[in-house]
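Q: Spelled out, the chains give:
There are 2 protein chains.
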Amino acid sequence: MNRHDLALIGFGGVNRALADLIRTRGDELAEELGFALRVVAITDLRLGSLVQDEGIDLDAVFALGADDIFAAWPGGAAAPRNAEVIRETSADIVVEATFTNPHDGEPGVSHVRLALEAGKSVTTTNKGPVALAGTELNAVAAAHGVHFAYEGSVVSGTPLLRFAASTLQGLRIDAVRGILNGTSNYVLGQMEAGMDLATAVAEAQTLGYAEADPSADIEGSDVRLKVVILANEVLGARITPADVSCTGITDLTPADIADAAARGLRFKLIGSAERRADGSIDARVEPMALPLTHPLAGISGPTNAVSFDTDLLGTVTVSGPGAGRVETAYALLSDIIEIDARVSRTAEAKR
Amino acid sequence: MNRHDLALIGFGGVNRALADLIRTRGDELAEELGFALRVVAITDLRLGSLVQDEGIDLDAVFALGADDIFAAWPGGAAAPRNAEVIRETSADIVVEATFTNPHDGEPGVSHVRLALEAGKSVTTTNKGPVALAGTELNAVAAAHGVHFAYEGSVVSGTPLLRFAASTLQGLRIDAVRGILNGTSNYVLGQMEAGMDLATAVAEAQTLGYAEADPSADIEGSDVRLKVVILANEVLGARITPADVSCTGITDLTPADIADAAARGLRFKLIGSAERRADGSIDARVEPMALPLTHPLAGISGPTNAVSFDTDLLGTVTVSGPGAGRVETAYALLSDIIEIDARVSRTAEAKR
Chain X
1 MNRHDLALIG FGGVNRALAD LIRTRGDELA EELGFALRVV AITDLRLGSL
51 VQDEGIDLDA VFALGADDIF AAWPGGAAAP RNAEVIRETS ADIVVEATFT
101 NPHDGEPGVS HVRLALEAGK SVTTTNKGPV ALAGTELNAV AAAHGVHFAY
151 EGSVVSGTPL LRFAASTLQG LRIDAVRGIL NGTSNYVLGQ MEAGMDLATA
201 VAEAQTLGYA EADPSADIEG SDVRLKVVIL ANEVLGARIT PADVSCTGIT
251 DLTPADIADA AARGLRFKLI GSAERRADGS IDARVEPMAL PLTHPLAGIS
301 GPTNAVSFDT DLLGTVTVSG PGAGRVETAY ALLSDIIEID ARVSRTAEAK
351 R
Chain L
1 MNRHDLALIG FGGVNRALAD LIRTRGDELA EELGFALRVV AITDLRLGSL
51 VQDEGIDLDA VFALGADDIF AAWPGGAAAP RNAEVIRETS ADIVVEATFT
101 NPHDGEPGVS HVRLALEAGK SVTTTNKGPV ALAGTELNAV AAAHGVHFAY
151 EGSVVSGTPL LRFAASTLQG LRIDAVRGIL NGTSNYVLGQ MEAGMDLATA
201 VAEAQTLGYA EADPSADIEG SDVRLKVVIL ANEVLGARIT PADVSCTGIT
251 DLTPADIADA AARGLRFKLI GSAERRADGS IDARVEPMAL PLTHPLAGIS
301 GPTNAVSFDT DLLGTVTVSG PGAGRVETAY ALLSDIIEID ARVSRTAEAK
351 R
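Heads up: the sequence lines are chains X and L, in that order. The opening position of the first sequence corresponds to residue 1 in full-length UniProt numbering, with each subsequent residue numbered one higher. The opening position of the second sequence corresponds to residue 1 in full-length UniProt numbering, with each subsequent residue numbered one higher.
Hints may be right or wrong, so weigh each one.
Unchecked claim - Only part of the chain X face toward chain L is listed, based on derived beta-carbon distances under 7 Å:
id: 1; residue: Thr167
id: 2; residue: Val318
id: 3; residue: Glu327
id: 4; residue: Tyr330
id: 5; residue: Ile337
id: 6; residue: Ala349
These aren't lab readings, by the way, just hints derived from the structure by calculation. In this text, a Cβ means the ideal position worked out from N, Cα and C, and glycines have one as well.
If we strip away everything but chain X, and leave its shape as in the complex, we get (with noise of 0.2 Å):
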């Protein structure tokens, strides 16, 4: 059975749901998907780095206590040398699951392009690289002979960018909209129940759907990127950030949204990229006062969803779950099987 080994650079929620999904599932996934997963790397602040070229003992990882590290296993480090190990690790797939850095994306723009330059196919839920760099790493990636996936940047598990790439083939997409951060759209239903801005967020944060800073996601700036993302993918625009106006939720007072809802509105923090009739985009993050029929009013709670304008189809719209450790980790999963069938597709035309 064809087998792909994977290099985890990052050993946070996500990756180690992966890596769950692997120890206790592999045997099954495997005979469903028609090829093996095995783990040869793993990098991390905390635990250091892991190389082990014949495959790591998942079950002997999760049993770390909290103060272990690898520096004194086989192939352990106690520092986690993530460009080493991605340079260095018999790895065919990086998983880059470090953190978003909305700024210059770093360190997962270049733990992206040594992947690639290396001959190493990625996939990442790490938005940065994606929405900063993402038209170079694809480059990238094709002259190298290699495929650089990232469903998880947006809207977590859901498979959108799936969706649009292969299941609406022969549509024009002219538009694409949506509820794209769990948070903000949280506080908002949650405000339509009568709480101020300050306890929603605060209650968001306890149920543990906002960072402890939760300015990216009320401020719209978490948004902005994966508008930036949906624009090139979806549209075949070449946008970056600063191409996105950007209004957050934090000037919507109570009042606001109580003046909609007897007008039969209701505000979502809407991210949207249009294309316009001269071939320009526009695309902006607003709160929107949606008619209660429109597909993305009903969208409540931590839902995320994206609406797709379409020529021949009208409006389809895909929803599900915007984050989540093991839903983040299924989009990794969903881009290796694609990961997989391109390598396969590549190596048959070749025979």
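Starting from the known structure of chain X, fit chain L onto it as the hints suggest.
A: Same frame as chain X, but now just chain L:
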């Protein structure tokens, strides 16, 4: 460039819309899709049949007057000659778009079987053959090395079956449930706004949503066939319509709907199939009062939607048009794209 030759069996609104798409956008589609489309046979109850292996002049077909028929044309005949045309045409893909017969699926089942046995792939929007003979017809297709595709048999062009089969790979789907009939959904919406059933149905007929005989829509039998297709395709079941318990919306009163609304609930006609713990399938059609936060509660008017309950992603929902000529014609195009990809992969593998 690769090319597919089509035989259009039935020339009602949907196949007409497909022909018009090929006529007006064929070159553009060919460039995008990498293959050309040509119509080489058309059959129709009123027009008769037309078989021209070198390609039919679609402009001439669309210029036909209301009393014109194919009889006087080269390759034309006054009778539809469906079976003969399917057997004799040089087409490699037969596009079956005759009416749905919910009792035995005929003549659709015979059309599909004949085509597959003649070594031609088939795309259909006809629920009958898929719901009533899908297992058999898929086996015939496999035995003859051709393909049977039917995206448009459920929720029109909204690519639900393809979404489940391709973009949800690696997930275990435990249940599928949806709003699968636009007419009944529209009627429920109007009843929520205070209209009685009969008036709402009459309005739906005026708007072109409901058939002259709306019983299949409001009594649930249309949804029942779609539940069979979804259960068999998405859950790998092998059920028949008799396995689906079925209650329509005819017994719902405006008072029921108002009572539900007062409790924050909204009635929807839900078709569902769920895998029980013992592996058997619980399939049903019934009105359900859903909380407004449910992903299907916000689906309004003639829109359709299907939710998939998955192990790793939780619930993912796709919504879009559930009817319409052009929208349903897109389902056929989407099937043709899939057939082309499968044929290409087989050809690659044989090289």
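Q: Out of the numbered hints, which ones does the structure contradict?
A: none
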